[in-house]
Amino acid sequence: MNEEVQRLLKKRAEALARPLEERPPLAESIEILVFSIAGERYAVDTAHVHDVVPLRELTALPCTPSFVLGVVNHRGRILPVLDFRRLFDLAGDGVPEGARLVAAEAGGMRFAIFADKLTGITRVDLREVTPPPATFTDDQKAWLLGVTGEMVAVLDLQAMVRQSRIVVNEEVS
Amino acid sequence: MMKWFLDLSTRAKLFLGFGLMVVSLAAVIVTAYMGITALQQSQRRLYDEAFANATELLTVRSNLNGARASMLMMVLVTARADQVAWQQDVEDRSQEIDESLRELIGRQQSDPESLRRLEELRAIWEPFEQTRDTQVMPSIVQGRVDDARAIILGVQTERYGRMRSVAQQLGDSADEVARTAVNQSAQQASASVRLFLIIGVIALVVSLVMVGSLNRAIAVPLRHISGVAERVASGDLTMTAASSDHRADEIGVLAQTFRRMVENLRDVNRQIRDGVNVLGSAASEILAATTQVAASATETASAVSETTTTVEEVKQTSQVSSQKARYVSDSAQKTAQVSQAGKKAMDDAVEGMMRIRDQMESIAGSIVRLSEHSQTIGEIIATVNDLADQSNLLAVNAAIEAAKAGEQGKGFAVVAQEVRNLAEQSKQATAQVRAILTDIQKATGTAVMATEQGSKAVAAGVKRSTEAGESIRVLTESIAEAAQAAAQIAASSQQQLVGMDQMALAMENIKQASTQNVAGTKQTEIAAKNLHDLGQKLKQLVERYTV
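Chains A and B are the protein sequences, given in the same order.
To convert, note that position 4 of the first sequence is 56 in the working numbering; the numbers rise steadily by one, no gaps.
To convert, note that position 503 of the second sequence is 791 in the working numbering; the numbers rise steadily by one, no gaps.
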């Protein structure tokens, strides 16, 4: 009887067991954090991500471009919150319930990306990442690494922070 | 003078007229007869006397001559036989002369002159005969012819001459007599003719007068009346018969009667014409009315026919309704019983409703408590959901940290992934629970509302059922009354059905009568048409008479 139980359990374990993923070499694959903004799926390299926090106590900043949603207090530091809905001409406005902030760091700048919903962390082969399609503008193409086979737009945060457009340096007289 | 004649009856007139004529005719006949008889007598006398005497005398003379000639022949002949024959002849002739003389003497008794001469003749004749027989004959027979001849030529011739002269005288005298008689007879005849003519003329005149009188008295008025009658016959009633002569005879009576008759006929004709006009117009009106009546009768007949059909249908309907009424009556009886039971049941129902109200109140309390509990559960679920979110974030951050740690963080990454999966499952479970709870809350809310409405409904139901109980009580009474009424209706309906049967029968009779009526009206119409035609014909007939 005991043996029978053992055998059944083993069989069940075999049925449920997942085969180990064949991991490509590190240089050719990256881990990305996938999230969705206004129904569109975007991803960033986890190497740039600090952590993910719930969006709380957002403080709107006057005299900033529209893609700056505001600023938040993140573990004692003030981070600007980028709204990709404005940068990628997406629909939607305001802050929905359960919104998240992805705290990232690129090119010495720390900022938070507004996300509607987190999807998870996954590993993609860079060879599977194809250049962005013609539906994006040239500016937008410049901010993207490419599009994965599952139609996830992978953001190039390094390239993005290099652009002068994202830097806010305005004076209000 | 004419008046009395005219006043005589026609028969008397005819008798008178024809009597006069007959008398005249008789007179003529008698006269003629008498004249003719007289003529006959005179002629016979002439014949018997005058002509007979003359003839007899001629015979005597002839025989005298013959006897003398025979005597001479006896003398001349010698043969005995011849002498005897001549002698016989002489004797025969002598005998005839004797007879003639005797007759003449017998006839001439009335005439003395002639008698005397005849006696004279006989006086000569007898000696002559005697001489001949006694002397001459024997002489001849004895053959003494000369003797005989002497005697004959002597005495006998002288005697003969005398006899002949006497006979001659007698003959002349007889001729004279005869001639006289003939003259007398002629005179008598002419007298008779004259008399006959006179009487005939008188009779003719009388007859003509009578004819004229009768013509005037009878024929002329009759012709006049017949002319009037002819015009009356041809339709002219305007004539009046001449009535000026008020005569007492049949003609007068006829004329007056005829006039009265024409007047009466005129009156009658006038009245008939009026009557015929009235009859004509009346017949026209009758015809029109009859035609209308016929049309109406036809319509009535069709209407009656339709009505009969309708009545038949109504009868069937009433039969059905009678059955229905009986059925309704039975049903009403049952319903009355049922309503009694229903009343009882309704009382029970009111009690039940009371109990239901209590139950509903307790259910409402329970549901309110359930609703409060589900609110609490919702709060708990929100907390759990929040916990799951935070776990998820923690897992993601752990994974990021593990990724930063590189190869050493791999195991941790797996744990973080598992934690994240659990958080996801928790979140899904809470979502399900929340969904279920939402359903429960909705259901609870609905239930609360429902129980509240139910409570109200039950309260209303209690009230209603109380009212219904009262209603059913009233209804029961009503149904009892209705059952009674239905029974009465069923009885009435039965009577109605019987009545409808009789009515259908009556309608059938009416229909037949109506059909006969139509036929009768048709006949009446034809009769009215005939009457109308008759009126028109009568009118034409009457119009042929001009009044």
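Just so you know, these hints were derived from the structure itself, not from any lab.
Mixed in with the good hints, there may be bad ones.
List time: in silico DSSO-like cross-link candidates among lysine-lysine, alpha-carbon distance up to 30 Å [unchecked claim]:
{"id": "1", "chain 1": "B", "residue 1": "K692", "chain 2": "A", "residue 2": "K169"}
{"id": "2", "chain 1": "B", "residue 1": "K799", "chain 2": "A", "residue 2": "K169"}
{"id": "3", "chain 1": "A", "residue 1": "K193", "chain 2": "B", "residue 2": "K692"}
{"id": "4", "chain 1": "A", "residue 1": "K169", "chain 2": "B", "residue 2": "K631"}
{"id": "5", "chain 1": "B", "residue 1": "K631", "chain 2": "B", "residue 2": "K715"}
{"id": "6", "chain 1": "A", "residue 1": "K62", "chain 2": "B", "residue 2": "K730"}
{"id": "7", "chain 1": "A", "residue 1": "K169", "chain 2": "B", "residue 2": "K744"}
{"id": "8", "chain 1": "B", "residue 1": "K730", "chain 2": "B", "residue 2": "K744"}
{"id": "9", "chain 1": "A", "residue 1": "K63", "chain 2": "B", "residue 2": "K698"}
These numbers come from a predicted model, not from an experiment.
Results for each hint:
Among the hinted pairs, B/K692 with A/K169 is consistent with the structure: their alpha-carbon atoms are about 22 Å apart, no more than 30 Å. With a C-alpha separation of about 100 Å, the suggested pairing of B/K799 with A/K169 is violated against the 30 Å cut-off. A C-alpha spacing of about 27 Å is found between A/K193 and B/K692, which places the hinted pair at or below 30 Å, so the restraint holds. With a C-alpha separation of about 69 Å, the suggested pairing of A/K169 with B/K631 is violated against the 30 Å cut-off.
Among the hinted pairs, B/K631 with B/K715 is inconsistent with the structure: their alpha-carbon atoms are about 61 Å apart, more than 30 Å. A C-alpha spacing of about 46 Å is found between A/K62 and B/K730, which places the hinted pair above 30 Å, so the restraint is violated. Proximity of A/K169 to B/K744 is assessed by CA-CA distance (about 48 Å); at most 30 Å being required, the pair is judged violated. With a C-alpha separation of about 21 Å, the suggested pair B/K730 and B/K744 falls inside the 30 Å cut-off, and the hint holds.
The hinted pair formed by A/K63 and B/K698 meets the criterion: a straight-line CA distance of about 27 Å does not exceed 30 Å.
The structure shown violates the earlier hints numbered 2, 4, 5, 6 and 7.
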